[in-house]
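J.: Quick mapping for you: the protein sequence lines, in order, are chains Y and G.
Position 71 of the first sequence, counting from 1, maps to 55 under the numbering used here, and the rest follow consecutively.
Quick note, the numbering used here runs 2 ahead of the 1-based positions in the second sequence.
Derived by calculation from the structure, the hints in this document are not laboratory data.
Be aware that a few hints might be false.
Incomplete in silico selection of chain Y near chain G, CB under 10 Å [claimed, not checked]:
1. Thr6
2. Ser100
3. Leu104
4. Met105
5. Thr108
6. Leu111
7. Met114
8. Glu115
9. Met116
10. Val119
11. Asp120
12. Arg124
13. Leu154
Predicted model only: the values in this text are computed from it and were never measured.
Glycine included, each C-beta is placed from N, C-alpha and C at the ideal position.
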Amino acid sequence: MSLVGGLAESGRAQLRKWGRFTLFSLRLLAVCPRALLRPRLVVEQVHNSGALSLVIIMLSGLFVGMVLGLQGYDLLRRFGSTESLGTAAALGLLRELGPVVTALLFAGRAGTALTSEIGLMSATDQLSAMEMMAVDPVRRVCAPRFLGGVIAMPLLAAIFSMIGIYGAQLVGVTLMGVDAGQFWSQMRSAVELRDIVEGVVKSVAFGFACSAIAVYEGYHAVPTAEGVGRATTRTVVTSSVAVLAIDYMLTAVLL
Amino acid sequence: MNDSNDAGPPAPAEAIATLADVGYSVGGRAIFDRLSIAIERGKVTAIMGPSGTGKTTLLRLITGQIRASRGTVIVDGEDLGTLDRDGLYRLRRRMGMLFQNGALLTDLDVYENVAFPVREHADLPEALVSRIVLMKLQAVGLRGAARLMPAELSGGMARRVALARAIVMDPKILIYDEPFAGLDPIALGVVMRLIRETNDALGLTSIVVSHDVHEIGKLADVAYLLSGGRVIAAGTPAELAVNQAPVVRQFMAGEADGPVPFHYPAPDYVTQLLDAGDRA
Chain Y
-15 MSLVGGLAES
-5 GRAQLRKWGR
5 FTLFSLRLLA
15 VCPRALLRPR
25 LVVEQVHNSG
35 ALSLVIIMLS
45 GLFVGMVLGL
55 QGYDLLRRFG
65 STESLGTAAA
75 LGLLRELGPV
85 VTALLFAGRA
95 GTALTSEIGL
105 MSATDQLSAM
115 EMMAVDPVRR
125 VCAPRFLGGV
135 IAMPLLAAIF
145 SMIGIYGAQL
155 VGVTLMGVDA
165 GQFWSQMRSA
175 VELRDIVEGV
185 VKSVAFGFAC
195 SAIAVYEGYH
205 AVPTAEGVGR
215 ATTRTVVTSS
225 VAVLAIDYML
235 TAVLL
Chain G
3 MNDSNDAGPP
13 APAEAIATLA
23 DVGYSVGGRA
33 IFDRLSIAIE
43 RGKVTAIMGP
53 SGTGKTTLLR
63 LITGQIRASR
73 GTVIVDGEDL
83 GTLDRDGLYR
93 LRRRMGMLFQ
103 NGALLTDLDV
113 YENVAFPVRE
123 HADLPEALVS
133 RIVLMKLQAV
143 GLRGAARLMP
153 AELSGGMARR
163 VALARAIVMD
173 PKILIYDEPF
183 AGLDPIALGV
193 VMRLIRETND
203 ALGLTSIVVS
213 HDVHEIGKLA
223 DVAYLLSGGR
233 VIAAGTPAEL
243 AVNQAPVVRQ
253 FMAGEADGPV
263 PFHYPAPDYV
273 TQLLDAGDRA
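Please build the complete structure, drawing on both the sequences and the hints.
T.: What follows is the structure, given as C-alpha cells:
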C-alpha cells in the first residue's frame, strides 16, 4: 500500500511540475512580444547563448562530420557506392545530427549557463529586487534569454551541419580518395528543400524546449548553492531527454 | 485597532501602512497570529526582534511579495489583499526597498544599477537620466564610483548604491532589511546618517528591520518589538529601553538566556547522554 501510495504521490508531484512548467511557458510566451520591443536585450542574449557556443559547436561539427565520413565510406564501400558519401553525410547532418547534437551541446553549454545565471540572481535577491522595483523578472530577465536561445539554436545547427559536411568531405575526398565531383554533385541533386526544412523545424523546436527548460529551472531553483547546482543538472538531463523525444515525434510527423 | 494580544499603540490618524489582525502561516506553522501594526507617515519605524521571529516575513507582507492568510494589509491606501499584479506593481513604484546585501544587478555597473528603474519605467532622454542618476549618487557620496562594478564595492558601498537606486524613483515609503548587518563602524555610521537624512530631506516614511538595539535607539522614532509572531512591545526606543517585561529586557540587554531560551527545544540532556552511552 505504501509503495502504491508513494508511486501515486510521485506521479502527482510530476504532474504538478508539468503544470507549473506549462503555466510558466505560457507566461513566458505572453511577455515575449513586449521583450521583442527591446531588441538590444535579445541581441545580447543571442550573443551569450549563440556566439559564445560557436567554438564548441564548430569543433564538434567537424569531428561528427569526420566520423560520418569514415563510417559512411566504410559502409558504402561494401555496396560499391562510395560516391554517394556526400549525399549520406549531408542528409544525416541536415535532418538529424545537426539539430540533435547542436541541441544537446546547447543544453550543456548555454542551457546550464542560463539556469545558473538566473538561479544565482534569485539566490542573491536580484530577482526580488526587480519585483520590488515593479519590474517583472520574467519579462526583463527570462524572456530575452528565452528568445536569445530560440534564435541562436537554428543558426548554430546550420553552422554545425555546414562544418560537418566539410569534415565528411575532408575525410571522404581528401583522405579516402572519393571523387570530389561525385561527392558534391550527388549531394546537390539528392538533397531537397524539404530536408533542409525538416532540420530547421527541428532546431527551432529544440530551441524552444531547451531555452524554456533552462529558464524555468533557473527561475524556480531553490535559492541556495546546492539548489542552483541541482537545477543546473536538471536542465541538462531534462533538455536532453526532451530533445530526443521531440526528435522522434517530429521525425515521425515530417517523414 | 485594540488587539487583545497586541501591545501596540492605537492607530494614529496619519498611518501610511497598517496591518490589522494579520495571520500568516507556512506549512501549517503560524508565523503571525493576529498581528497589528501601524506605520506612521514621515517617521522612521523600526521593526526589531530576535532572529526567526518573522521580521523579514513582515516586510514581505507589507511589500506584497506574500499575501496574509487572514486580516488586512493596507499600504498607501491600497488593500494588498485585493490588488492584482498590475496594481501591486503600480503601488511598488511608490515604494523603495533595500535588501540586506544590496541585491545590485551584478552584470551592470553602479551607474546603470541606479539608472535601471528609470530606464524601465520612463522613456527619458539620456541627458536627463544622467542628471538624475548623478544627483542620487552624489547624495550617497558615490558619484566617483559610478563606473565600478558591484563586485568591486565593499558591503557598505553596495548598500549605499542600493539606497541611491531605491530613491531614484522618489518613493513615498522606503524599506530597509537589516541595513546594518556586517558593516564596519564607519560604514554603519554613514548608513545610519543616510537613512535619517533621506527620510527627513525627501519627506519619506522609513521602515527599518533590524536587531541592532543600539543603532535603532539612535535612529528610530518608533520601534516595534516582535517575538513569537506578535508585537510584544511598542513605543519610542527610550520607552522600550525602560520596559520591564522580561522578554523586552532580555532583548534590549542582549542576555543569552531568559524567556527566549538559549537552548533549542531538545529531549532531556542526561537521558539522551545515557541512551547514547548504552547504544555504544
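J.: Tell me the numbers of any earlier hints that the structure contravenes, in ascending order.
T.: 1, 2 and 13
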